[in-house]
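Asks: Here is how the chains run, residue by residue.
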Amino acid sequence: MDGIAQIKFPVEQEELVCPGHTACPGCGAVLAMKYVLKGLGPRTMAVIPPACAGVISGGFPFMALKIPVLRIPFESTAITASGIRAALDAMGKKDIHVLAWAGDGATFDIGLQALSGAAERNDDIIYVCYDNEGYMNTGIQRSSATPEGAWTTTTPAPYVKDTPKKDIVRIMAAHKIPYIATASIGYPADLIKKVNKAKEKKGTRFILVFSPCPTGWRYSSEMTIRIARLAVQTDLFPLYEIEDGENYTLNPRRSAKPVRDYFKLQGRFRNLKEDNLKRFEEMLRKERDYLNRMAG
Amino acid sequence: MDGIAQIKFPVEQEELVCPGHTACPGCGAVLAMKYVLKGLGPRTMAVIPPACAGVISGGFPFMALKIPVLRIPFESTAITASGIRAALDAMGKKDIHVLAWAGDGATFDIGLQALSGAAERNDDIIYVCYDNEGYMNTGIQRSSATPEGAWTTTTPAPYVKDTPKKDIVRIMAAHKIPYIATASIGYPADLIKKVNKAKEKKGTRFILVFSPCPTGWRYSSEMTIRIARLAVQTDLFPLYEIEDGENYTLNPRRSAKPVRDYFKLQGRFRNLKEDNLKRFEEMLRKERDYLNRMAG
Amino acid sequence: MLPITAISFITTEGNETGEWRSQRPVLDQEKCNRCGLCWMYCPDNAVRPAGDVFEISYTYCKGCGICAQECPKGAILIVKEER
Amino acid sequence: MLPITAISFITTEGNETGEWRSQRPVLDQEKCNRCGLCWMYCPDNAVRPAGDVFEISYTYCKGCGICAQECPKGAILIVKEER
Amino acid sequence: MYEIRFHGRGGQGAVVASIVLASAFFKEGKFVQAFPSFGAERRGAPVLAYTRADDSEIRERFGIYAPDCLIVLDSSLTRRKGITSGLKEGHWIVINSDSRPVDYRFPGDFRVATLDANSIARKYGLGSASVPIVNTTILGAFSRATQTVSIDSVMAAVKEYAPSKPEENAKAALEAFQAVQF
Amino acid sequence: MYEIRFHGRGGQGAVVASIVLASAFFKEGKFVQAFPSFGAERRGAPVLAYTRADDSEIRERFGIYAPDCLIVLDSSLTRRKGITSGLKEGHWIVINSDSRPVDYRFPGDFRVATLDANSIARKYGLGSASVPIVNTTILGAFSRATQTVSIDSVMAAVKEYAPSKPEENAKAALEAFQAVQF
Amino acid sequence: MKKVISANQSVSYAVRAAKAQVIAAYPITPQSSIVEMLSGFCASGELNARFINVESEHSAMAACMSASVAGARTFTATSSQGLALMHEVLHYASGLRLPIVMANVNRALASPFNLKADLSDSLSQRDTGWLQFYCESGQEVFDTIIQSYRIAEQLLLPVMVNLEGFILSHTYEIVDVPEQRDVDRFLPPAPPRESLDVDNPAMFGSTTDYYINFRYKMHADMERAKVLCRESDAEFKGMFGREYGLLCPYRCEDADLILITAGTIAGSCRVVADRYRTKGLKVGVLRIRLFRPFPAELIRAALRGARKAAVIDRDFSPGCGGIFAQEIKAALQGSGSEVLVFEFIAGLGGKDVTDTDIGQIIEHTINMSKPGESAWMGLLR
Amino acid sequence: MKKVISANQSVSYAVRAAKAQVIAAYPITPQSSIVEMLSGFCASGELNARFINVESEHSAMAACMSASVAGARTFTATSSQGLALMHEVLHYASGLRLPIVMANVNRALASPFNLKADLSDSLSQRDTGWLQFYCESGQEVFDTIIQSYRIAEQLLLPVMVNLEGFILSHTYEIVDVPEQRDVDRFLPPAPPRESLDVDNPAMFGSTTDYYINFRYKMHADMERAKVLCRESDAEFKGMFGREYGLLCPYRCEDADLILITAGTIAGSCRVVADRYRTKGLKVGVLRIRLFRPFPAELIRAALRGARKAAVIDRDFSPGCGGIFAQEIKAALQGSGSEVLVFEFIAGLGGKDVTDTDIGQIIEHTINMSKPGESAWMGLLR
Ligand SMILES: Cc1ncc(C[n+]2csc(CCOP(=O)(O)OP(=O)(O)O)c2C)c(N)n1
Ligand SMILES: Cc1ncc(C[n+]2csc(CCOP(=O)(O)OP(=O)(O)O)c2C)c(N)n1
Ligand code: SF4
Ligand code: SF4
Ligand code: SF4
Ligand code: SF4
Ligand code: SF4
Ligand code: SF4
Ligand SMILES: [Mg+2]
Ligand SMILES: [Mg+2]
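Protein chains in written order, with this note's numbering: chain H, 1 to 296; chain L, 1 to 296; chain V, 1 to 83; chain Z, 1 to 83; chain X, 1 to 182; chain B, 1 to 182; chain R, 1 to 381; chain C, 1 to 381.
The reader is advised that the hints may include incorrect statements.
Cβ pair distances, simulated, as ranges [claimed, not checked]: (1) Lys159(X) <-> Ala301(R): 45 to 53 Å; (2) Pro192(C) <-> Arg300(R): 48 to 56 Å; (3) Gly41(H) <-> Leu250(L): 56 to 64 Å; (4) Glu89(B) <-> Pro192(R): 15 to 23 Å; (5) Ser164(B) <-> Asn292(H): 34 to 42 Å; (6) Gln181(X) <-> Arg307(R): 55 to 63 Å; (7) Asp98(B) <-> Ile10(Z): 50 to 58 Å; (8) Ser99(B) <-> Pro192(R): 55 to 63 Å; (9) Ser44(C) <-> Asn292(H): 42 to 50 Å.
Think about it this way: if two alpha-carbon atoms lie no more than 30 Å apart in a straight line, the pair counts; the simulated DSS-like pairs of lysine-lysine are [said to hold, decoys possible]: (10) Lys80(V) <-> Lys165(X); (11) Lys286(L) <-> Lys278(H); (12) Lys66(L) <-> Lys199(L).
Just so you know, the hints here were simulated from the structure itself, not pulled from any lab data.
Note that CB positions come from ideal geometry on N, CA and C, so glycine has one too.
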């Protein structure tokens with residue numbers, strides 16, 4: 001198909017996500033899954049906890065993914081991946097990627113301990129967290145990934161969330177695992193590149209994928225990609241890699257845009273106050289300095 | 001009592017730990033409790049999960065501590081402290097310290113998630129982990145705080161533990177809580193000083209107290225203090241503070257001793273191999289660099 | 001005959017989500033430069049390479065509008081869905 | 001009469017752990033400089049300030065030997081417990 | 001007992017409509033029940049909601065399989081097969097549509113009422129121009145067509161439940177009451 | 001049925017002794033049971049352990065309240081009140097002690113056997129000089145005094161269970177067998 | 001004041017009226033709207049309580065537990081997986097004798113997943129030492145939560161109030177929400193109890209050889225609970241004109257056949273029972289409202305006259321059967337009762353239990369001379 | 001080969017003999033020595049299995065679950081709090097139809113804490129869809145674990161093997177550990193089953209409206225389980241000369257009074273029963289070995305001749321009573337049986353159940369004309 005040859009970036013064309021899935025129109029989480037599976041390919045087994053990803057993956061007798069999937073308890077994403085790896089090893093099955101696929105709630109909150117345990121044992125799994133900054137599947141409640149100043153149904157307007165987003169990447173870095181990356185559905189080529197890099201390593205690999213949610217973030221569905229990019233361009237979601245918890249590689253910095261541009265597109269930030277904005281800029285500066293210091 | 005006036009360091013003399021408790025002879029964990037309570041004083045409420053600390057605190061109808069204590073589930077140390085704080089606030093009770101007192105197993109492993117949750121909410125509690133590097137109460141099994149190369153009943157000789165100790169301090173630092181400190185029962189004055197400092201702050205405060213265990217570490221009981229000091233002197237357990245996750249203050253470095261001195265006193269390290277030692281020295285160097293980088 | 005527990009084998013391709021659509025993307029092959037971005041960014045795999053062009057499958061397209069928003073050539077127009 | 005559930009009020013001071021001891025620390029007040037380290041380091045609070053000296057309570061002392069080990073003046077001797 | 005089934009799409013507010021209608025009946029001293037057809041609601045995906053009203057206490061806790069009325073918030077849904085399933089013969093189908101009742105053919109003898117709720121909703125600035133929110137508006141048409149509940153009660157209920165623009169919502173319902181064709 | 005109660009201190013290996021003795025009986029075709037008195041064992045703190053032996057299957061799953069013999073691993077424990085509680089009159093108390101049987105007075109008519117297990121254990125390098133491990137040694141004395149199990153069986157069992165120095169442990173038991181006074 | 005609200009909203013209003021002081025909860029379908037509404041109340045100050053956004057249900061219950069030991073009035077709400085995750089802490093809460101009140105929105109337990117009504121989630125907590133109520137309407141949910149606080153604080157045992165997911169939780173109906181001052185009269189601040197106190201230090205929940213004695217106390221108090229529940233129900237009627245009882249019999253006095261069930265199925269059963277009554281068949285309905293403690297005596301009394309009973313369980317203990325059916329049979333054994341108990345499993349995973357289903361159950365029970373295996377209703381082909 | 005070992009060691013040897021492939025476990029008193037021994041076997045290679053040092057029991061069961069879906073033979077062991085923490089995942093394991101085998105060392109549940117034997121921990125998992133065996137000797141523990149793998153893999157349901165903490169787990173006695181090749185003959189590698197497979201992708205445990213149908217399948221297979229358990233027990237006897245049955249009656253044929261219990265108490269009961277037999281009193285003992293699925297028919301049969309039964313429960317469901325007693329009574333109801341069932345709660349929190357206690361139970365049962373409230377034995381003053 002020479003038409004495809006013209007595609008500006010070379011990517012696996014096989015789709016492991018089937019159409020007909022039940023994600024909302026414009027869902028970023030589906031795109032994250034689409035890209036990650038393009039990177040990993042069909043010899044992948046996945047565990048998926050309750051989440052939008054669970055709903056999207058299909059209800060009996062239907063499945064939206066063309067790989068083997070196990071639906072697991074909300075607390076157990078990483079350890080169930082570890083269990084599969086242990087079984088494959090015990091049965092002598094090789095060349096299979098074990099993917100732990102979870103939302104931010106399952107990763108930052110209820111599944112953090114199991115994840116920390118897998119990281120401590122350096123179990124041979126690829127853990128991908130698609131981050132839509134809240135419990136979306138249950139109707140948009142706050143998670144510890146919800147940014148300060150955001151509305152959710154449990155941080156109701158006008159009070160909104162008053163604590164900053166948990167820094168899961170730094171937490172994982174503290175575990176000194178072989179590979180950590182942040183990525184965004186706004187930059188599929190970069191995301192897929194990082195997945196491929198993770199693929200080549202052994203041990204616990206962690207990728208945080210920024211995945212906007214039109215339904216939960218209160219924006220119009222066509223803006224999903226734009227918003228994902230803005231998060232990176234405003235430094236709210238910097239893209240970088242950490243190897244062995246110590247070697248930092250930052251993506252080349254994109255045109256720095258003011259954070260306002262990002263916030264104003266989303267209904268969830270309608271109640272953002274000036275001082276929030278100030279704290280944000282302060283916070284972003286600090287974070288940038290930290291990353292630069294680390295990148296050395 | 002002027003005799004006491006001569007004591008080289010001024011410390012609270014009231015004992016909130018009663019004699020008659022059932023700790024093993026030479027137990028470091030009891031000393032940690034003794035010092036921390038000297039720092040916090042009697043207007044303190046504590047939660048204690050299953051652990052040696054639980055056994056030591058007494059069995060009905062006896063109690064070894066002179067403060068109110070709640071015995072809690074193993075997973076729940078931090079959140080039960082948060083719950084007490086919430087109740088005190090709701091009932092308008094002030095000037096009471098809520099102490100979460102847990103071992104390394106309850107902190108690094110099964111209770112990590114609850115701790116992370118409290119830290120994310122910055123709940124107003126003082127969390128002290130007495131670290132004896134293993135599940136001692138159940139008979140010396142490995143925890144993720146058990147150092148590489150150590151024997152435990154679940155990392156049996158000659159194989160021993162082959163993964164490094166989880167870096168809980170870095171994990172907590174990633175939560176950017178107001179105060180974090182490492183301390184040791186080998187240096188009570190420093191420990192109590194840090195407790196007092198923590199006392200003055202609000203929000204989630206975390207102190208990791210190195211607490212040798214003659215029974216589990218396989219050494220003769222009179223060496224408890226000596227071993228605690230050696231851990232610091234060899235840089236295996238550096239003493240420092242972190243404020244707001246970013247401001248590091250390192251204790252003045254003590255005479256640097258070779259790690260061997262520390263290992264050779266303990267039966268649990270009998271199977272330590274040369275390459276372990278190498279990795280240790282390498283690791284210690286890295287850690288020192290990291291701390292220095294962070295400190296200034 | 002049901003399996004022993006909920007084990008799914010059938011893909012979701014039978015579920016025609018185009019039915020959800022309230023607006024419809026229309027691709028102008030003239031303007032299109034075959035960059036594939038619409039294909040890359042479609043959350044529903046409703047844009048597919050067909051020979052040397054890209055086509056939109058209205059069987060699945062939910063009308064989110066991303067393809068139109070991201071098309072560098074403005075080759076995709078969003079129109080109201082008329083049924 | 002028992003409480004409604006296991007609520008402890010009585011301190012452990014009734015439990016004479018000195019009974020566990022197989023070796024006994026003996027404090028030589030002559031050598032002692034009152035630094036209080038033995039008091040500070042005793043895990044069983046068996047060293048107590050008494051007036052202007054420190055005394056060892058054999059009711060609780062478990063004979064761990066820490067006090068002797070840490071005494072800067074070598075004022076504490078460990079002897080075999082004879083019963 | 002009077003039972004209504006709502007047909008809408010995710011985002012159109014069919015569930016809210018069923019609740020508003022229930023409280024309209026409640027204002028007239030009726031016993032009421034309103035419940036959605038349970039499941040993850042996605043924008044644009046077909047959804048169902050139900051309302052029950054009766055003069056005596058409602059003890060039924062099972063689903064509604066033979067409704068006395070259908071309220072269709074999106075005309076395109078009328079082409080889904082089985083949309084009328086269970087609807088009692090001779091009863092009402094109230095449709096948000098700019099076509100006339102006669103343009104609709106359903107398998108069975110039903111009474112059809114239509115009104116262009118979209119334009120009315122737009123007129124009163126309910127929802128966005130592209131996606132007007134018609135869930136309150138159409139209740140006016142229901143009131144007029146079925147005569148089961150007064151427009152005043154509907155308007156009162158609408159005002160009570162409208163998250164914003166209560167007056168506009170009520171006016172829209174009233175206009176629908178007047179504009180409905182059957 | 002023959003029931004033995006061990007009195008020791010945490011770290012002395014009373015529990016292991018109860019198991020070794022059970023397997024000694026087992027080697028003579030007896031049915032056996034050995035169990036500790038349950039609880040956190042701290043060095044120096046008094047601990048109890050039990051052994052049952054019988055010619056027929058042992059179905060009893062309750063505690064031992066009237067033992068046929070006491071084995072005391074630490075002479076200082078003999079001064080604890082109630083140490084002989086339940087011990088059947090006329091039965092044996094085997095004590096690790098450097099004093100003679102006659103030096104002991106117990107409330108009731110019991111037969112006392114003593115041996116200096118510490119020096120024997122030290123001699124064979126069992127445990128440390130300060131803390132000799134006497135749990136295997138004393139079983140030799142038990143065998144001789146009570147005549148319930150042969151020294152060969154004891155030695156065989158000792159060899160089997162000794163974590164280290166099986167020969168020395170066995171020899172110590174044998175020497176105890178010879179040295180015991182009663 | 002009467003409102004058209006959902007049962008989940010009814011829960012939230014009740015907790016506000018009860019003036020809970022500490023709320024720790026975690027979202028889960030179909031409970032989420034409770035968490036959302038309550039966090040709203042706390043944020044706006046309508047309810048002066050601390051809301052803890054925990055990271056899991058295990059922590060939610062742990063927080064309620066410690067806050068309760070500290071003396072606060074606490075609340076949480078959950079469902080299915082969340083309740084299951086609390087399991088360990090549920091045992092603690094009762095063992096510590098804490099007056100915690102929890103709403104559980106009944107939902108099927110995974111695996112496989114199903115978000116709809118199924119009582120197996122709360123029934124599989126039946127051995128945890130919690131009182132358990134099962135409600136059938138939004139009004140009853142409100143009233144039961146208010147009653148529960150009073151009972152819990154008198155008895156020092158935790159109470160679980162159950163409502164079926166969606167079928168009840170998401171159904172809007174008329175609820176009379178009483179005036180705050182009336183609620184305050186019925187439910188004053190908790191009577192003082194042993195709690196954490198720096199001036200009187202005590203240790204709660206330590207290790208003990210008296211374990212069996214404390215279990216016996218719990219046993220005795222569970223017996224007392226039945227009396228207390230009746231008393232507070234009566235008092236409640238005095239103030240609010242509504243009462244429920246521990247069992248809710250409908251036309252049972254002269255019934256030959258009694259349908260026994262819990263929750264919303266009871267309402268539908270009454271509809272069908274009346275139909276059969278008109279056909280001259282003496283059918284009654286017995287709804288079990290209080291399941292823990294299990295009112296065995298009342299069950300025996302209620303069934304005294306009947307020849308047959310048909311138990312409809314929206315729950316299932318694999319390898320055993322319907323849970324209500326088993327405990328009812330245990331209550332009847334040796335009581336000299338001759339009643340034939342027929343067992344039906346229906347409505348698992350939110351399967352609608354229609355009037356037709358109930359009709360079939362009645363027919364089946366009439367036609368069979370004696371009970372056989374439990375019959376499963378509404379299996380899909 | 002015969003050895004003097006503890007029941008915990010017996011568990012470990014059995015798991016080694018069963019060639020488990022993935023073991024994930026977390027230490028807890030009194031189970032710890034199992035974890036220690038098994039991690040030793042895995043480290044030394046004596047057992048070629050992956051041992052996962054999980055950070056909690058919730059993760060231990062989750063790991064067994066996923067490893068089992070991936071096709072491996074898995075094992076875990078736990079006790080009390082650990083088992084309670086697994087609760088949610090226990091439901092998953094059965095719902096996913098996984099042949100996981102677990103040893104549970106029965107211990108009292110907190111709060112308050114008590115480390116000793118109490119069957120309430122496993123019995124409060126009775127609704128989770130696991131088969132449950134209760135053992136009385138180290139030999140039976142070994143044999144039951146071997147049998148369990150076979151049953152689990154034929155049935156595709158998980159099995160829990162229970163042994164009482166300390167009283168059994170830490171008691172050393174003679175156990176005949178069979179030759180590996182004999183075990184291999186009895187227990188070949190697991191028959192193939194649906195599992196994760198990149199060449200045939202499938203999704204396991206997704207959301208479904210067929211929930212009730214899958215529950216029905218589980219119900220049907222639980223019925224089949226009783227047959228399978230008897231079959232494999234018979235086969236086991238053929239190979240190893242030992243069999244147990246689902247119920248273990250002792251001198252019940254002609255008994256007027258039958259003592260019913262589970263676990264180690266049964267042994268002591270036999271001793272006392274014999275004493276009473278010599279006094280001319282016809283006492284029998286019925287030990288319940290398989291509790292899930294509950295062998296109701298066999299219970300009815302076993303009690304047919306008896307006039308009275310005394311159920312001794314080392315467990316307790318607050319607000320209900322002894323759990324064995326309740327289920328036995330439910331099984332008897334409507335069966336025409338006249339047997340009078342007396343209920344006794346004894347040995348909670350490891351309280352020793354002595355021959356004297358059992359004697360009192362017998363006396364009590366003889367002297368009372370009909371059952372009253374459950375009697376609690378051995379309360380401390
Ligand atoms: C133990 C447990 N608690 C709560 C839930 C309910 N629940 C299911 S999905 C979900 C939110 C998931 O959030 P996240 O992981 O961020 O995924 P998202 O839905 O946002 O994609 C919750 C709270 C559950 N299934 N299990
Ligand atoms: C849920 C649960 N799992 C396991 C246990 C058993 N347990 C009690 S204490 C303990 C180890 C505690 O280790 P740590 O926290 O390091 O304290 P330490 O005993 O070493 O002082 C374990 C595993 C438990 N009580 N609860
Ligand atoms: S709620 Fe958000 S994340 Fe979930 S499916 Fe919809 S768009 Fe995707
Ligand atoms: S085992 Fe170690 S930590 Fe525990 S009481 Fe003994 S010495 Fe202290
Ligand atoms: S994005 Fe636009 S230009 Fe690129 S392929 Fe699609 S339609 Fe053509
Ligand atoms: S509108 Fe959305 S769903 Fe439709 S083709 Fe474009 S991107 Fe795909
Ligand atoms: S440590 Fe030595 S010198 Fe100091 S007070 Fe004690 S005995 Fe005296
Ligand atoms: S020996 Fe140990 S217990 Fe005794 S006084 Fe010295 S320090 Fe204290
Ligand atoms: Mg999310
Ligand atoms: Mg520890």
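Asks: Each hint should be assessed against the structure and marked as holding or not.
Replies: Tested hints:
1. Lys159(X) <-> Ala301(R): 45 to 53 Å: Holds, at about 51 Å.
2. Pro192(C) <-> Arg300(R): 48 to 56 Å: Holds, at about 51 Å.
3. Gly41(H) <-> Leu250(L): 56 to 64 Å: Violated, at about 47 Å.
4. Glu89(B) <-> Pro192(R): 15 to 23 Å: At 56 Å between Cβs, range violated.
5. Ser164(B) <-> Asn292(H): 34 to 42 Å: At roughly 58 Å between Cβ atoms, Asn292(H) and Ser164(B) fall outside 34 to 42 Å, so the hint is violated.
6. Gln181(X) <-> Arg307(R): 55 to 63 Å: Given range 55 to 63 Å: holds, Cβ gap about 59 Å.
7. Asp98(B) <-> Ile10(Z): 50 to 58 Å: The hint (50 to 58 Å, Cβ to Cβ) is violated, given that Asp98(B) and Ile10(Z) are roughly 39 Å apart.
8. Ser99(B) <-> Pro192(R): 55 to 63 Å: With Cβ atoms ~59 Å apart, the hint holds.
9. Ser44(C) <-> Asn292(H): 42 to 50 Å: holds (49 Å)
10. Lys80(V) <-> Lys165(X): Status holds; Cα separation ~26 Å.
11. Lys286(L) <-> Lys278(H): violated (36 Å)
12. Lys66(L) <-> Lys199(L): Holds. Lys66(L) to Lys199(L) sits at ~19 Å (cutoff 30 Å).
Going down the numbered hints, you'll see the structure goes against 3, 4, 5, 7 and 11, while the others check out.
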